[in-house]
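Use the sequences and the hints to build the structure in full.
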Amino acid sequence: MKRHPKELGRIHRRFSRRALVLGGLQAGFVGTLAMRMRYMQVDQADQFRLLAEENRINIRLIPPTRGEIYDRNGQIIGRNIPSYRIVIVREDAGDVEKVIANLSQLIPLSEEELERARTEMRRSAPFLPVTLADQVTWEDISKVAVNAPALPGITPEVGSTRVYPQYEDFAHVVGYVGPVSDYDLSQMTDPEPVLHIPRFQIGKVGLEAKQEGELRGKAGAKRVEVNATGRIMRELDRQEGQAGADLQLSMDADLQQYVQARLGGESAAAVVLDCETGDLRAICSSPSFDPNLFVRGISVADYRALTEDNYRPLANKTVQGTYPPGSTFKMITAMAALEAGTVGPGETVYCPGFLKVGSRRFHCWKRGGHGYVDLLNSLKRSCDVYYYDQALKVGIDKISDMARMFGLGVKHDLPMSAVAEGLAPNRDWKLRVHDEEWLVGDTANASIGQGFMLASPLQLAVMAARIATGREVSPRLVKSVNGIEQPSGAGEELPINKNNLRQLRKAMYAVSNDRRGTAYRSRIIAEGYRMAGKTGTSQVRNITAAERAAGVIRNEDLPWERRDHALFVCFAPYDNPKYAVSVVVEHGGGGSKAAAPVARDVMLQALYGGTPPLEAYPAGDRERIKAQQQRLERDQRPKARPGEKDRA
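Residues 18 to 665 (my numbering) make up the sequence shown, in order.
Calculated directly from the structure, the hints in this document are not laboratory data. Quick reminder that beta carbons are idealized off the backbone N, C-alpha and C, glycines included. Be aware that one or more of the hints could be misleading.
Using 27 Å as the maximum straight-line C-alpha spacing, the simulated DSSO-like pairs for lysine-lysine come out as follows [as the list claims (entries may be wrong)]:
(1) Lys-373 to Lys-415
(2) Lys-447 to Lys-410
(3) Lys-515 to Lys-447
(4) Lys-235 to Lys-221
(5) Lys-383 to Lys-523
Taking CB as the label site, the calculated pair distances span [as the list claims (entries may be wrong)]:
(6) Arg-139 to Pro-196: 17 to 27 Å
(7) Asn-593 to Glu-130: 53 to 63 Å
(8) Pro-125 to Thr-324: 22 to 32 Å
(9) Glu-578 to Pro-169: 53 to 63 Å
Structure representation (structure tokens):
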């Protein structure tokens, strides 16, 4: 059907208007877009260039793997294990408190930890993860994973933490680690950036703290692209850090465990030193504590129990504790006199039970005296008067010099906390410290290890080792670092007369093996294992003249804290010394009764490399020793071996 020309004209005009309108709209849109592009590319160019630059590359640190600690035989002492934690990202969680409430229905949450997390969330950007629960179990991780839809913003993560599979046995030696605190950072002049990583662990005390540089390692780094608000957009590359060095100690974990068990519940200390190398084979302070409690965050109740214990379990008595060495110091007085030539080995001194110096009497422990005694008998029977007499002749300065030569009054270089210097006083020291002149009575007291004289169990073991060998034996704790052997502590020959030293050793042998020796009941009878030693008893109270006249009160009748300290030092075998041992039992009473039996048992355990045969003991002791060995074997905790699943 043909349309009328007028109708066709109307239709054409209508299409032309539509095309014009559409074309105008298109032109307007294109113009607006062009103007916007010009605005963004020209007028706002600087602002967008800045935003683009802020979408920049950052360097993020990767915590290094801490070095592990082993004993001399490869038993693990300090290791790293996976540590599971639950974190929350605030912007993903939405209602944070609701999510925390839901989470608390699945796993236990500490209110203290939650409060710390809330504080951290207020300080941190909303996209940064904050730890809600640390060191949770795998079962807890599983519960969180299963209920993930109901826990927006909650993520389980895995890190690493330190554990000590030997529990209490090495607590005082190795110490423990913990998160870096503000106090830790304040003690450093230029703390490494890695120390600012949340929950990063560093050594707090003991070997962990002293060897922090070797154990920590070097942090790695990763390059990441972040936007203007700090959110990570992508990881570009990473460079792994350098793991910390593994340390191998000179100590024997089996021997250490035995010594710790043998000390039992006593407030005591024992040191076993290798005479050939200076290696510390065992160094125990009792009672001890579980260092794992501090890594995980010790409770107030547990910490109070440790700090309020009269036996001071947190103190390392082996190196921090200093005690009057008592009669164990008599070897030093004797050597000073022998070297000075004021007495010969066979010369005698008469002991009536006291020595009068001016108007004062210095008493021997044996009220009726010992009669005439020479060097051997004076040491064997521990006569005090003999040493009063020799000290007054030789003088305190030479005695003090001799003490330092044998390792007393010297701070030994060990990577342990608060290693004490002890005290070997002389005239200059008293004048400098007390602004007083040295008195002849001070010399008499010092000659038997009383008065100002102080020594640690470590120093007493060093003294015994130097007497045994005639060398300047020095204690060594770290045997190797990453497989590299550390310098030996064997030492050079001491500048003393070897014959005088032989006479001293002979007298110490009599102490343990002569029927009248003070340590005869704690002797070793196995051939080739005979022991030389010296008992010591140091007073912690003054005995008045009235008490002495009425009869000195027995230690058993005194309160524990007023009883004498018991000491014993020894070396064995006598003919070829291998180990030196020192034992101090705080307020234990007499050295022959409380310290010598422990030292004898420890020495035999070291010499035999395990439980010694009953034939090494006197026949009368064997039934008791057998029962004791069975009890100690039951009491000793099973230890984790390298590669075994950790039990901590």
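Tell me, which hint numbers fail for this structure? As far as the earlier hints go, only 3 is violated by this structure.
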